[in-house]
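In order, the protein sequence lines correspond to chains A and B.
Under our numbering, read the first sequence as residues 5 to 479, first letter to last.
Under our numbering, read the second sequence as residues 5 to 479, first letter to last.
Calculated from the structure, these hints are not laboratory results.
Hints may contain errors.
Restricting the straight-line Cα-Cα distance to at most 20 Å, the calculated cross-link-like pairs of lysine to any residue (SDA-like) are [as the list claims (entries may be wrong)]:
1) K464(B) - I457(A)
2) K229(B) - R289(B)
3) K464(B) - M466(A)
4) K229(A) - A364(B)
Computed Cβ-Cβ distance ranges for the label pairs, DEER-style [stated by the list, open to error]:
5) A25(B) - E418(A): 34 to 44 Å
6) A37(B) - E244(A): 20 to 30 Å
7) K410(A) - A175(B): 42 to 52 Å
8) E244(B) - H278(A): 52 to 62 Å
9) M466(B) - D137(A): 23 to 33 Å
10) D18(A) - E251(B): 48 to 58 Å
11) V326(A) - A175(B): 50 to 60 Å
12) E458(B) - P14(A): 30 to 40 Å
Note that the Cβ used here is the ideal one computed from N, Cα and C, for glycine as well.
Number of protein chains: 2
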Amino acid sequence: MNIVQPPPAPLSPDLIARFRAIVGDKYGVTDAAEITPYVTEERNLYTGHSPLVLRPGSTAEVSAISKLASETRTALVPQGGNTGLVGGQTPHHGEVVLSLRRMDKIRDVDTQSNTMTAEAGAVLQTLQQRASDVDRLFPLSLGAEGSCTIGGNLSTNAGGTGALAYGVARAMALGLEVVLADGRVLNTLSKLKKDNTGYNLHNLFIGAEGTLGIITAASLKLFPKPRAVETAFVGLHSSEAALKLLEISQNEAAGSLTSFELLAEICIDFCVKHGPSIRDPLSKRYPWYVLMEVSSPRDDARATLEAILARGIEDGIVDDAVMAENLSQRAAFWKLREVISPAQKPEGGSIKHDVSVPIAAVPAFIEEANSAVVKLIPGSRPVPFGHLGDGNIHYNVSQPVGGDTKTFLDRWHEVNAVVFEIVLKMGGSISAEHGIGVMKRDELPDVKDKVAIELMRSIKAMLDPLNIMNPGKVL
Amino acid sequence: MNIVQPPPAPLSPDLIARFRAIVGDKYGVTDAAEITPYVTEERNLYTGHSPLVLRPGSTAEVSAISKLASETRTALVPQGGNTGLVGGQTPHHGEVVLSLRRMDKIRDVDTQSNTMTAEAGAVLQTLQQRASDVDRLFPLSLGAEGSCTIGGNLSTNAGGTGALAYGVARAMALGLEVVLADGRVLNTLSKLKKDNTGYNLHNLFIGAEGTLGIITAASLKLFPKPRAVETAFVGLHSSEAALKLLEISQNEAAGSLTSFELLAEICIDFCVKHGPSIRDPLSKRYPWYVLMEVSSPRDDARATLEAILARGIEDGIVDDAVMAENLSQRAAFWKLREVISPAQKPEGGSIKHDVSVPIAAVPAFIEEANSAVVKLIPGSRPVPFGHLGDGNIHYNVSQPVGGDTKTFLDRWHEVNAVVFEIVLKMGGSISAEHGIGVMKRDELPDVKDKVAIELMRSIKAMLDPLNIMNPGKVL
């Protein structure tokens with residue numbers, strides 16, 4: 005990846021000592037082996053380096069770190085669970101890593117106000133579990149939930165499978181505690197559903213990928229826990245049929261429609277071929293599949309789902325469908341959805357996209373992108389799947405059978421360009437849920453409203469005039 | 005009200021002509037009689053004055069107006085339906101009024117993507133109707149919906165009765181078109197549910213009350229239209245019981261619980277006494293009432309509501325309840341809720357508050373506020389009612405029976421101070437849904453996080469360095 009940020013001056017031993025003194029030597033990591041997990045990531049797509057990983061235990065310590073960083077113009081890279089997919093959490097130029105993981109307290113759970121206040125380093129799954137323990141739902145859910153942190157989820161405005169009914173991470177935050185570049189602490193933590201006292205500040209930091217300040221805590225919404233969740237796996241002859249089924253489902257289930265995932269036939273092919281103990285839930289293959297879920301606080305989820313499928317069959321939209329009869333069958337359906345990405349690996353190189361278009365445009369997008377990509381690289385195999393209910397498609401492309409992997413992957417940007425052009429023509433986004441990081445930074449000015457880019461630069465200059473907050477990311 | 009903004013220099017005839025040339029003379033109003041409706045408001049609480057009301061017909065015209073205003077340091081007061089309650093839309097110092105009402109086109113309705121793009125001057129009720137015409141719901145709903153505009157709704161982040169299930173105005177916006185102070189046009193209009201390409205800009209303008217730029221259009225979310233709406237009027241012995249009923253209702257109905265309004269007994273007293281053809285829906289009086297609604301896309305709303313009430317009776321929470329048997333009975337229940345404010349008028353002066361506290365704190369807030377207010381002004385009569393499901397209480401106080409109205413109203417700020425102190429102690433907001441405008445501007449620095457105020461000032465200086473956008477409002 006092309007990263008143009010100039011490397012900062014190496015930190016003096018004295019400055020390293022001053023930073024370590026803030027958190028205590030134990031939590032100011034300088035040992036290279038201990039640093040490795042903070043500067044590498046699972047896919048080995050990005051590798052950074054850093055002389056120092058700071059692991060503060062309190063907001064006051066984060067504030068002191070920012071203040072010293074500001075005084076000494078030391079660049080900081082904030083990091084949560086280190087599961088980001090666009091290189092946003094990696095110190096590409098030897099920056100100091102500020103790991104929030106030790107700040108993992110749940111400060112407050114209020115079941116009457118339906119709120120939870122948690123520190124940035126709390127792991128998403130821990131929050132889900134804590135909500136469940138008090139008979140509530142924290143609906144943010146994504147693949148990395150066992151290790152990603154709520155601070156990272158908010159900094160990247162994570163999406164995931166719960167977004168259809170409950171919205172993305174942004175929709176779950178009532179307020180934030182944020183340490184600014186100069187060490188000031190902004191506190192908009194709040195249990196209030198309504199508060200119209202002045203400008204909305206917390207949304208500025210959500211999705212800013214740590215470039216405007218460091219989220220140290222958040223007040224979050226809780227929801228009633230569904231009593232019944234019913235899941236169906238549906239075979240269809242076209243993506244247009246899937247879109248029609250979505251409309252029927254929303255009209256029948258409204259907010260009870262909690263998942264609506266689209267999968268192309270090739271996804272099933274790959275999963276059945278390469279996934280561990282994966283089998284096709286239907287008796288024959290179909291060009292398209294939908295994995296859908298209806299959740300309800302009452303006992304009507306199954307009846308609702310049956311009504312949707314009956315209507316779909318009646319209207320000639322649904323070719324075949326099976327409903328999960330028990331939890332293990334439900335888990336098997338979801339397993340299929342989750343192994344698509346790993347199941348692509350044995351098929352060779354994969355060029356990935358995380359795009360969104362208006363929901364109505366999804367079928368046209370897939371059709372146009374498929375023919376453009378195959379025209380560009382004959383034999384390449386589009387593997388489209390994703391959150392149809394959000395218009396969010398993980399448009400992956402596997403290399404031609406028997407082709408050279410490197411030759412294929414070298415054309416990553418060419419394929420991107422072809423796909424992004426179609427996305428933009430349709431009023432879509434080149435990053436639906438993963439963010440910009442360094443991966444898409446250089447494309448951003450070309451795809452975003454010019455005035456929006458100008459405002460982003462003004463906001464960055466206002467909040468981080470010395471460019472010490474995750475420099476070189478996003479902008 | 006204490007408004008400290010210095011009056012701008014009077015506009016020269018030449019400058020007035022230049023502004024009128026942008027919109028055409030017909031839409032550059034200088035006639036005093038024609039100007040009156042733009043500088044006065046229904047309650048006669050605020051009266052402003054202006055030499056010129058501009059009524060642009062396009063975003064390009066708004067941009068040209070801003071550009072000229074910026075070049076000539078002319079202050080602009082943007083205005084929608086002129087229904088705001090905090091003086092935010094009034095030209096208190098002879099500013100030019102920029103009325104968006106002519107820009108009322110609905111640019112696009114997309115029933116598959118569930119989005120609608122409308123210009124700022126579109127009246128809320130028109131948008132509701134247009135959504136309904138295509139079998140969708142636009143859930144923003146408030147008293148002024150027949151005349152307020154979506155631009156004003158977004159600029160003030162309106163709440164209303166639909167917020168419990170669907171959120172406030174902010175939650176319904178996917179993107180905005182905004183004319184900045186210098187005439188640049190920011191375009192974040194979007195039909196996308198997920199878009200993580202850079203900083204979130206549109207939320208900065210939502211709730212900014214026209215002080216950062218002029219919203220000219222918005223892309224909005226549509227929802228499935230409920231098939232069945234069931235309404236109940238419930239008598240209870242305490243506000244704690246109302247809170248317990250809310251919890252039961254949310255657990256039973258989740259997102260299908262679309263209204264949960266709390267009313268104190270005195271509200272019913274006033275309504276029955278003064279409201280036109282209002283009668284008490286229950287056979288005897290109770291200390292507290294809840295007006296609640298369950299909406300569903302299927303035919304289960306009545307069963308759900310019955311289950312909630314049965315559980316409430318079983319748990320000793322609900323003392324009496326009646327469900328609307330038809331549309332006119334439903335309308336009668338809502339009428340009761342809507343005439344509370346007018347029904348206070350024959351009882352003399354009323355000091356009003358639009359506050360929110362965490363939902364769990366509502367009973368304690370009402371109890372503490374009641375005793376503090378009555379201690380301050382013996383004989384004064386608290387009239388608390390509002391959106392319990394959002395923790396948003398319209399905490400009104402009627403004057404003592406037979407007392408002097410002016411003497412009572414002169415103590416407005418004293419009563420505010422007593423109520424706000426309790427609100428703040430409980431982590432609440434002094435403006436839940438009406439905004440700051442000029443009414444609460446001077447209180448804002450005392451109640452808001454210090455760093456938040458500093459950031460608000462920095463943002464204002466960045467976006468409107470000449471202070472021409474609705475000067476003297478909010479900050």
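Tested hints:
A C-alpha spacing of about 18 Å is found between K464(B) and I457(A), which places the hinted pair at or below 20 Å, so the restraint holds. For the suggested pair K229(B) and R289(B), the alpha carbons sit about 35 Å apart, so the restraint of at most 20 Å is broken. Between K464(B) and M466(A) the alpha-carbon distance is near 11 Å, which keeps this suggested pair within the 20 Å criterion. Proximity of K229(A) to A364(B) is assessed by CA-CA distance (about 18 Å); at most 20 Å being required, the pair is judged to hold.
Our hint of 34 to 44 Å for A25(B) and E418(A) is violated, since their Cβ atoms are close to 50 Å apart. Between A37(B) and E244(A) the C-beta distance comes to about 57 Å, which lies outside the given range of 20 to 30 Å. The hint said 42 to 52 Å for the Cβ distance between K410(A) and A175(B), and at roughly 47 Å that hint holds. For E244(B) paired with H278(A), a C-beta distance near 58 Å keeps the hint of 52 to 62 Å intact.
Checked against the given bound of 23 to 33 Å, the beta carbons of M466(B) and D137(A), roughly 44 Å apart, lie outside it. Distance hint check for D18(A) and E251(B): the Cβ-Cβ separation is about 57 Å, which falls inside the suggested range of 48 to 58 Å. At about 35 Å, the beta-carbon gap between V326(A) and A175(B) misses the expected band of 50 to 60 Å. About 34 Å separates the C-beta atoms of E458(B) and P14(A), a value consistent with the hinted range of 30 to 40 Å.
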